[in-house]
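Enquirer: Residue-level listing of the chains:
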Amino acid sequence: MTALGKLLRTTAFKIVAVYLLVFALFAAGVIGYLARHTQALVVTQITDAIDSEIKNLQDVHEDGGIGRLIDVVAVRAQQPGSNLYLITSFNGAVVAANVTDINNSVLSRQGWSEISYRRTDDAADNLHDSRALVRVVFIGGFRVLVGRDIEERERLRQILAAPARWSLVVIVILGIAGGLFITRRVMKRIDQMTATSEQIMRGDFGGRLAVTGSGDEFDRLANSLNAMLTRIENLMGGLKHVSDNIAHDLKTPLTRLRNRAEEALRKNHTEKDLRRALETTIDESDNLIRTFDALLMISRAEAGEVRKAMTDFDAGEIARDVAELYEPVAEESGLTLGIDAAENLPVRGSRELVSQALANLVDNAIKHGGTTAGSKVTVAARKIGDRIEFTVGDRGPGIAEKDRLRVLERFVRLEESRSLPGAGLGLSLALAVARLHGGDLRLEDNSPGLKVTLAIPAQPVQTKGA
Amino acid sequence: MRLLIIEDDREAADYLKKALREAGHMAEIANDGEAGLAIALDESFDVLVVDRMLPKRDGLSLVSELRKRGNETPVLILSALGQVDDRVTGLRAGGDDYLAKPYAFSELLARVEVLSRRRAPNSADTVYRVADLELDRLSHRVMRNGEEIVLQPREFRLLEYLMRHAGQVVTRTMLLENVWDYHFDPQTNVIDVHVSRLRSKIDKGFAKPLLQTVRGAGYIIRDGAR
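One line per chain: the protein sequences are A and B, in this order. Quick note on numbering: our numbering labels position 29 of the first sequence as 29, and the sequence is numbered without any gaps. Add 1000 to a position in the second sequence, counting from 1, and you land on the number used in our numbering.
I should point out that these hints are in silico values taken from the structure, not numbers from a laboratory. Among the hints, erroneous ones may be present.
To be verified - Which bits of chain A does chain B cover? Going by a derived footprint, with three or more residues having C-beta under 8 Å, they are:
| # | region |
| --- | --- |
| 1 | 222-234 |
| 2 | 289-301 |
Claimed, not checked - Derived pair list, reagent style DSSO-like, types lysine-lysine, alpha-carbon separation capped at 30 Å:
| # | chain 1 | residue 1 | chain 2 | residue 2 |
| --- | --- | --- | --- | --- |
| 3 | B | K1201 | A | K272 |
| 4 | A | K367 | B | K1018 |
| 5 | B | K1101 | A | K251 |
| 6 | A | K367 | B | K1201 |
| 7 | A | K272 | B | K1018 |
| 8 | B | K1101 | B | K1068 |
| 9 | A | K240 | B | K1101 |
Positions of the beta carbon are idealized from the N, C-alpha and C atoms, including for glycine.
Please take these sequences and the hints and turn them into a complete structure.
Expert: Written as structure tokens, this is what we have:
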């Protein structure tokens, strides 16, 4: 494709071409309209002049009879630049005239005609025929023709036509030049963007589209594409981090599993020992499956796949149900579990995922909040502004501020909790669920202890009835 | 009980068949969807175990075709896809229960046994009885040996589910799904604690415990003296 061909195919050029066509048509229309109107004006002036001359001649005839009329016309006809006059008797004999070579049929009836003529006072060799607008009236048995030359009209037409043509030519040239200029500018930006995106496609995720700072639509596009690229880059980074983590955190228990099986094979064990080894193998693989399921759940929540299966449910009910599920366990661990959930907290989302996220938080609170006997875990659900906040608070050791963001990552387990069961995915899932619903997860000091808040947008309250 | 296993992984199918035989059940195997459909329509089974992904005709289409032809044999769908929405599509296609792979055999066994007796007459009864324990589903009252036992609503539902399947093993997951309607793993032994609370209410002080733990499988409520 040649550079010109490429230019002609661009959208910008096509738009310019359409505008050019519309503008040229408009200009031609305006000029045509002006020309017609000016000409009509000129013609009106001519007819008015002829009408008043005829009126005058009729008055002359009334006052002085035909003889006087003929005399007046004869005088007027001789004046330079005068009207055109011709008076004939009814049988066609010329009585007075300053025109000749006219088509005699125009004299046969009264009214307006456009004729060609020659002035009698023109030089004989001037064979140039002129055009005139004439009116014929019958006065006292004579045929009287009064007319005016319409060369003026023709000249006007020429005067108008030439600039009209030129202005059209200028419009088209300017339009094409402007179009090329705009198109090239647009194309330059587009080419830059294409080049950058190709560079990114080759794997260089650091590339960003140039922003000129003019704030035009290209800048806006570039800004939003850049934001998207940053998000993708972060996600890619996250994904890499996650797959590294998964590799590490799944391989460790797999290695343990394998070692145990080898160990069971190597020595001469009693049947009871072998049984025990197999049972731990099954337990270990169950844990792995659980970890794997949790990971899948997180990635599904992050991918937003569950969004289509969302329903309306009551947040208070969820909180009460989850608290009720864990209450006996809390009691067994020597904790009291308090529930403080408001009524009528409609939300839209995945009941299952929100329950699971909340269950994870409660489970964590029970596992980590049980240092002193009789301490309390509180589960609450309230509407704060336009959000529903689930909070789970414990009176355990809490999490140091510097670690609060880190524990949200997959597989992150703080030193203090390594001895407890779990894979370090509970908070990651809760965070993914919060984000899936357009909310967030906050870890705060419960002084003492940890308070985790899962906030998701509330359903707008629908008032029933009138 | 006679089962049909429709599963393309031959090793898994053979393992299942063997394990079912050890548990006292007969099982046939079909290795693809078309063959499975033909056998299921041709012969009579108590339960079908259908893998979701099958060659020739996938599990969901097999089940909906079966239902379309008026065959109401209970179906347990097996799938590597274990998320809630997968479960919902599986049940919507006409499956009666859904079990995610990998599963424990005891889980599968408990589920097929419950499925095979799903249509048993006692599911329509208004009063469930096991030995001297009585649960009235209409008045929500529980009596043992003529004395009323006061239960929390959830404890009542838990006991109701156990008694509906009296004499059958129900697993923790089955309880979580049917009594709490949760399909996730609660990480802690929450169900065990709920069951032991219930047990202390219905069995404490009576010579004959009815609610028993089945090691490695789940719980069963039955008249132990029988």
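Enquirer: Confirm or reject each hint.
Expert: Verification of the hints:
Look at the region 222-234 of chain A against chain B: 0 of its residues bring a Cβ nearer than 8 Å to a Cβ of that chain, fewer than three, so the hint is violated. Figure legend: the region 289-301 of chain A, annotated as covered by chain B; annotation consistent (7 residues with Cβ-Cβ distances under 8 Å, at least 3 required). Between K1201(B) and K272(A) the alpha-carbon distance is near 36 Å, which puts this suggested pair outside the 30 Å criterion. Distance hint between K367(A) and K1018(B) is unfulfilled; the C-alpha atoms sit about 41 Å from each other, more than 30 Å.
This hinted pair checks out: K1101(B) and K251(A) have alpha carbons roughly 20 Å apart, not beyond 30 Å. Between the alpha carbons of K367(A) and K1201(B) the distance comes to roughly 27 Å, so the proposed pair stays at or under 30 Å and holds. At most 30 Å may separate the alpha-carbon atoms for a hinted pair to count; K272(A) and K1018(B) meet this at roughly 23 Å. Under the criterion of a C-alpha separation no larger than 30 Å, the hint pairing K1101(B) with K1068(B) is consistent with the structure, at around 27 Å.
Taken as a hint, the K240(A) and K1101(B) pair is honoured in the structure, with Cα atoms around 27 Å apart against an allowance of 30 Å.
Violated hints, in rising order: 1, 3 and 4; the structure is consistent with all others.
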